[in-house]
Amino acid sequence: MHINCLWTTWPTLSRIYSYSMSIPGAPTAKEKKYDRQLRLWGAAGQEALENAHILLVNATAAGTETLKNLVLPGIGRFTIIDDAVVKDEDLGTNFFLDDNSIGLSRAQKTCELLCELNPDVQGDHIKDNITNFIHTNPEKLKTFTTVIITGDVPISTLLSLDNLLYTLDIPLFVLKCVGFTMTCRLALSEHAIVETHPDSTVDLRLLKPFPELVALYEEKAAIMDDKEKMSEHDHGHIPYVVILLKALDDWRSTHGGNIPSNYREKNEFKSFLRGKMWNADEENFEEAIAAVLPYFNPPSIASTTKEIFEDKKCTQLTATSSNFWIIARAIKNFAYDDNEGILPLPGALPDMKAESKDYIRLQNVYKAKARADLASVMEIVRVLLSGLGRDPNSISESDVETFCKHAGFARLTRVRSLNEEYEHNPKVKTVSNELSDPTSLMHYYLGIRAYEMFISEESNSKHTPPGIDDSTAENDAEQLDQYVTVILDKLNIAHSPELLEGTSKAVREIVRVGGGELHNISSLAGGLVAQEIIKVITKQYIPMNNTVIFDGISSRSQVYEL
Amino acid sequence: MATATVLGAESPDRWRYLNNILNRKGPYTDEAFTPGDEPKAFLADAKILVIGAGGLGCEILKNLALSGFKDIHVIDMDTIDISNLNRQFLFREADVGKSKAEVAAAFVMKRVRGVTITPFNCAIQDKDDEYYKQFKIVVCGLDSVEARRWMNATLINLVDDETLIPLIDGGTEGFKGQARVILPTISSCYECSLDMHTPRAAVPLCTLASIPRQPAHCIEWASVIQWPKEKGDLKLDTDDPEHITWLFTKALERAKEFNIPGVTYSMTQGVVKNIIPAIASTNAIVAASCCNEALKIATTAAPYLDNYMMYTGNESIYTYTFTHEKKENCPVCGNLPQNLEVNPEWTLEGLMERLQERPETTLRKPSLRTSSKSLYLQAPKQLEEQTRPNLEKKLKELMETGDELSISDPGMPFNLRFIITMSE
Numbered sequence: 034m035h036i037n038c039l040w041t042t043w044p045t046l047s048r049i050y051s052y053s054m055s056i057p058g059a060p061t062a063k064e065k066k067y068d069r070q071l072r073l074w075g076a077a078g079q080e081a082l083e084n085a086h087i088l089l090v091n092a093t094a095a096g097t098e099t100l101k102n103l104v105l106p107g108i109g110r111f112t113i114i115d116d117a118v119v120k121d122e123d124l125g126t127n128f129f130l131d132d133n134s135i136g137l138s139r140a141q142k143t144c145e146l147l148c149e150l151n152p153d154v155q156g157d158h159i160k161d162n163i164t165n166f167i168h169t170n171p172e173k174l175k176t177f178t179t180v181i182i183t184g185d186v187p188i189s190t191l192l193s194l195d196n197l198l199y200t201l202d203i204p205l206f207v208l209k210c211v212g213f214t215m216t217c218r219l220a221l222s223e224h225a226i227v228e229t230h231p232d233s234t235v236d237l238r239l240l241k242p243f244p245e246l247v248a249l250y251e252e253k254a255a256i257m258d259d260k261e262k263m264s265e266h267d268h269g270h271i272p273y274v275v276i277l278l279k280a281l282d283d284w285r286s287t288h289g290g291n292i293p294s295n296y297r298e299k300n301e302f303k304s305f306l307r308g309k310m311w312n313a314d315e316e317n318f319e320e321a322i323a324a325v326l327p328y329f330n331p332p333s334i335a336s337t338t339k340e341i342f343e344d345k346k347c348t349q350l351t352a353t354s355s356n357f358w359i360i361a362r363a364i365k366n367f368a369y370d371d372n373e374g375i376l377p378l379p380g381a382l383p384d385m386k387a388e389s390k391d392y393i394r395l396q397n398v399y400k401a402k403a404r405a406d407l408a409s410v411m412e413i414v415r416v417l418l419s420g421l422g423r424d425p426n427s428i429s430e431s432d433v434e435t436f437c438k439h440a441g442f443a444r445l446t447r448v449r450s451l452n453e454e455y456e457h458n459p460k461v462k463t464v465s466n467e468l469s470d471p472t473s474l475m476h477y478y479l480g481i482r483a484y485e486m487f488i489s490e491e492s493n494s495k496h497t498p499p500g501i502d503d504s505t506a507e508n509d510a511e512q513l514d515q516y517v518t519v520i521l522d523k524l525n526i527a528h529s530p531e532l533l534e535g536t537s538k539a540v541r542e543i544v545r546v547g548g549g550e551l552h553n554i555s556s557l558a559g560g561l562v563a564q565e566i567i568k569v570i571t572k573q574y575i576p577m578n579n580t581v582i583f584d585g586i587s588s589r590s591q592v593y594e595l
Numbered sequence: 041m042a043t044a045t046v047l048g049a050e051s052p053d054r055w056r057y058l059n060n061i062l063n064r065k066g067p068y069t070d071e072a073f074t075p076g077d078e079p080k081a082f083l084a085d086a087k088i089l090v091i092g093a094g095g096l097g098c099e100i101l102k103n104l105a106l107s108g109f110k111d112i113h114v115i116d117m118d119t120i121d122i123s124n125l126n127r128q129f130l131f132r133e134a135d136v137g138k139s140k141a142e143v144a145a146a147f148v149m150k151r152v153r154g155v156t157i158t159p160f161n162c163a164i165q166d167k168d169d170e171y172y173k174q175f176k177i178v179v180c181g182l183d184s185v186e187a188r189r190w191m192n193a194t195l196i197n198l199v200d201d202e203t204l205i206p207l208i209d210g211g212t213e214g215f216k217g218q219a220r221v222i223l224p225t226i227s228s229c230y231e232c233s234l235d236m237h238t239p240r241a242a243v244p245l246c247t248l249a250s251i252p253r254q255p256a257h258c259i260e261w262a263s264v265i266q267w268p269k270e271k272g273d274l275k276l277d278t279d280d281p282e283h284i285t286w287l288f289t290k291a292l293e294r295a296k297e298f299n300i301p302g303v304t305y306s307m308t309q310g311v312v313k314n315i316i317p318a319i320a321s322t323n324a325i326v327a328a329s330c331c332n333e334a335l336k337i338a339t340t341a342a343p344y345l346d347n348y349m350m351y352t353g354n355e356s357i358y359t360y361t362f363t364h365e366k367k368e369n370c371p372v373c374g375n376l377p378q379n380l381e382v383n384p385e386w387t388l389e390g391l392m393e394r395l396q397e398r399p400e401t402t403l404r405k406p407s408l409r410t411s412s413k414s415l416y417l418q419a420p421k422q423l424e425e426q427t428r429p430n431l432e433k434k435l436k437e438l439m440e441t442g443d444e445l446s447i448s449d450p451g452m453p454f455n456l457r458f459i460i461t462m463s464e
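These protein sequence lines map, in sequence, to chains D and H. Position in the first sequence (first residue = 1) + 33 = our numbering. Position in the second sequence (first residue = 1) + 40 = our numbering.
Derived by calculation from the structure, the hints in this document are not laboratory data. Do not take every clue at face value.
Far from chain D by the CB rule (all over 10 Å, computed), these chain H residues [what the hints assert, rightly or not]:
1) A72
2) D77
3) K110
4) D111
5) D169
6) Y172
7) S184
8) T203
9) L274
10) N314
11) P377
12) W386
13) S407
14) G451
15) M462
16) S463
List of simulated lysine-lysine pairs, DSSO-like, C-alpha gap at most 30 Å [said to hold, decoys possible]:
17) D:K120 x H:K110
18) H:K367 x H:K173
19) H:K150 x D:K160
20) D:K175 x D:K346
21) D:K572 x H:K216
22) D:K400 x H:K296
23) D:K120 x H:K65
24) D:K400 x D:K339
25) D:K438 x H:K216
26) D:K175 x D:K495
27) H:K275 x D:K65
28) H:K296 x D:K402
29) D:K495 x H:K65
30) D:K65 x H:K216
31) D:K65 x H:K138
32) H:K313 x D:K63
33) H:K296 x D:K63
34) D:K538 x H:K80
35) D:K390 x H:K296
36) D:K438 x H:K296
37) H:K150 x D:K65
38) H:K433 x H:K421
Beta carbons: idealized from backbone N, C-alpha and C, even for Gly.
Please work from the sequences and hints to get the whole structure.
Laid out in structure tokens, this is it:
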């Protein structure tokens with residue numbers, strides 16, 4: 034579009050050439066459309082989204098809003114499975130239905146209106162209910178990247194679906210929105226994240242400088258305190274990394290070779306630095322003083338990274354190990370076998386007051402060291418791959434580079450299955466610890482669990498929710514109270530009416546709405562869940578583990594591992 | 041449209057769940073809540089104003105329409121850009137270039153029967169007090185600090201025996217956001233919390249001019265120094281791709297000269313437009329929280345937020361809900377002037393420059409008065425000329441300790457008040 038306009042309005046050949054032919058890196062149409070999100074998860078994250086296929090079970094307002102927030106950023110494909118027919122009350126909560134939808138398939142109509150949002154996305158629908166679907170088509174589940182289930186689904190179906198997906202390593206989100214309350218549970222057997230997006234990956238190695246860094250600073254160190262040999266201007270432009278390395282050397286020589294290790298010594302060290310200033314407005318020295326607390330740490334490996342290294346999948350690689358585990362193992366070997374227990378250098382250097390050339394030189398020293406470490410890790414990766422009988426070049430250098438940069442921040446999460454929570458291994462303490470606090474959101478968790486039992490009751494074959502009639506609402510609430518005690522008894526948690534006052538209120542709030550959704554809460558839920566799904570699919574940022582509860586009355590949320 | 045009238049008569053089932061909330065008291069509902077027709081009538085009659093029809097605004101309009109509000113106004117002066125489509129779900133590619141307010145209003149009215157949305161394709165400053173007075177609630181989904189301050193101050197100025205319009209404000213950045221409720225003069229206002237927004241640290245001019253180290257330094261050099269130098273009076277339009285390309289090319293050349301890697305087109309755009317990452321899901325969370333509060337305030341079906349909820353989604357899901365405290369010396373909603381220590385040797389002009397650097401002032405064309413005299417007035421021309429000589433004078437000639445200094449500025453619908461202390 035702009036090129037056409039340039040041809041006509043810019044007459045000189047050189048201009049036409051420079052603007053129309055060779056704007057290196059000018060954004061493509063897709064990059065323009067997705068610009069604001071690419072700045073968060075980059076091209077790799079976007080590609081992962083575009084390769085994903087999401088299954089939504091039941092097009093409730095919350096489910097549909099979740100899909101909306103995934104269709105907009107360009108998820109590859111989605112499928113809605115739902116056997117419901119659109120009713121008038123759906124229109125009061127679901128924006129992706131209109132008057133013409135009434136009486137038609139809810140899966141089909143929501144799918145149609147969602148597809149309007151983004152021509153890049155493919156949407157499908159299946160008119161069926163999930164209980165039936167997993168009996169007749171369980172193998173089809175394999176085709177999905179992530180599954181979201183919402184609506185009034187009996188517990189037995191939830192647990193069967195969880196069983197099937199957990200073994201397939203497919204993330205399952207169980208989403209409930211009733212009135213002002215929402216809960217969402219993630220079940221995912223294993224989730225490894227390299228790009229966790231920490232605030233900073235900077236590691237200056239001040240306490241363990243590598244030889245190239247030592248060489249660089251020694252050059253300056255000799256003249257640093259010498260007013261004869263160094264101009265005031267140059268002194269005010271020494272990069273603070275060099276200032277700190279020199280000051281550390283001086284400090285060691287008067288402190289028996291030790292470095293400032295505790296808070297008091299670090300403060301003394303700061304005064305020591307201040308004493309080296311030639312005048313009061315040397316910003317580079319101020320920067321050096323500010324860098325003491327954040328960067329004066331001996332290189333160490335975070336417990337979250339150690340967990341990865343010590344995992345069986347890391348220590349016992351197999352021919353089918355994923356790239357994550359092979360790279361993790363290579364980095365582990367690099368750190369412990371070749372590098373005194375230090376991870377590869379990430380290579381980032383923060384900005385600091387300095388002459389351009391000095392800064393760039395210092396930056397290049399860090400970058401060169403990071404590249405050298407990467408080359409060593411890459412070599413180990415190749416050896417490992419060969420040893421496993423795989424193509425030694427089957428893992429790209431850029432994947433290894435990303436891992437090396439984030440080695441200190443990588444995460445491995447195992448999120449418990451729903452079956453563990455409900456049947457085999459419930460988190461009794463997590464629940465019981467919260468009960469005595471009347472403001473705890475755990476009361477809503479129990480209320481929703483009781484709600485599930487209500488709609489799962491055999492005598493309630495249509496899964497009718499509690500509270501649909503004014504006249505029976507209190508009876509239904511008492512029934513839910515009863516289910517709460519059943520759940521607590523099963524968990525062996527002692528309870529009393531006083532202890533359950535908060536739960537009793539939560540139950541009444543849940544019954545109040547008569548089983549339906551309030552659009553705002555469903556929309557909020559759709560945002561929260563889509564955000565978690567994006568994190569899981571892109572394998573970037575850290576998803577919740579494993580249950581989030583939001584209460585729209587107090588506008589609070591809480592995450593519990595259940 | 042014969043069918044429209046038939047369908048327009050909504051079935052009683054349509055709002056069943058919303059009605060359940062309004063017909064039944066909950067365990068946390070205020071004692072004063074009368075279930076039934078009263079809250080429903082309020083929802084149906086209350087005029088509600090939405091500021092902004094962008095990422096948050098689209099969500100807010102949808103949410104309010106599905107919360108039972110029937111008479112909604114929306115103001116937005118922007119037109120639709122291609123980069124809006126990844127989250128502003130009421131817009132399509134064919135809408136690029138059209139008014140956001142108009143397209144958004146038309147879409148929601150078509151989808152949700154029975155709601156009237158009146159769009160205004162203009163600046164909020166184009167509307168007067170009489171206009172704002174007609175609303176029961178204002179919901180803000182803005183990305184500009186200045187517009188928020190203006191709206192906040194305007195609603196606080198409107199407070200009298202009959203008028204108190206709650207302001208619900210949302211904001212997002214990447215995976216983070218916040219929703220808050222402001223009851224003008226009663227709870228903490230936007231101005232009270234201005235110090236929570238740390239402005240982006242400015243790069244010293246000498247770094248840009250002589251010792252660049254980062255790609256951003258090269259880009260800022262191109263826009264701040266080279267553009268005015270080479271383009272003269274031509275105004276830099278950051279939405280014009282030719283202008284961005286020019287800056288990008290210049291920045292790239294400079295980066296090459298200093299061996300600085302990493303200048304890209306996308307980064308050039310990001311730096312000069314100060315782009316904040318924005319995604320559908322965060323907008324959904326914050327807008328929904330704002331509208332949930334609007335519904336609770338309008339119906340009293342449940343207690344509303346007192347008064348601030350922060351959300352962070354980078355690592356797990358974290359919200360922090362708290363009461364932000366009102367500032368007694370808030371220049372907008374407080375009763376007390378702030379203290380200001382000045383050096384008697386400064387000139388009036390020097391004082392103005394220093395005030396402009398403070399994050400809470402950000403003045404454009406300030407006029408200054410003490411209770412007894414006008415120190416400097418920007419307009420009318422005659423008075424400007426009369427007071428101009430004061431700019432050169434030292435403060436000790438113009439004021440003394442204990443004087444109240446009042447500053448007005450076209451960028452602020454309120455006056456800043458300071459009690460002067462002359463430093464020794």
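Violated hints - listed by number, lowest first: none
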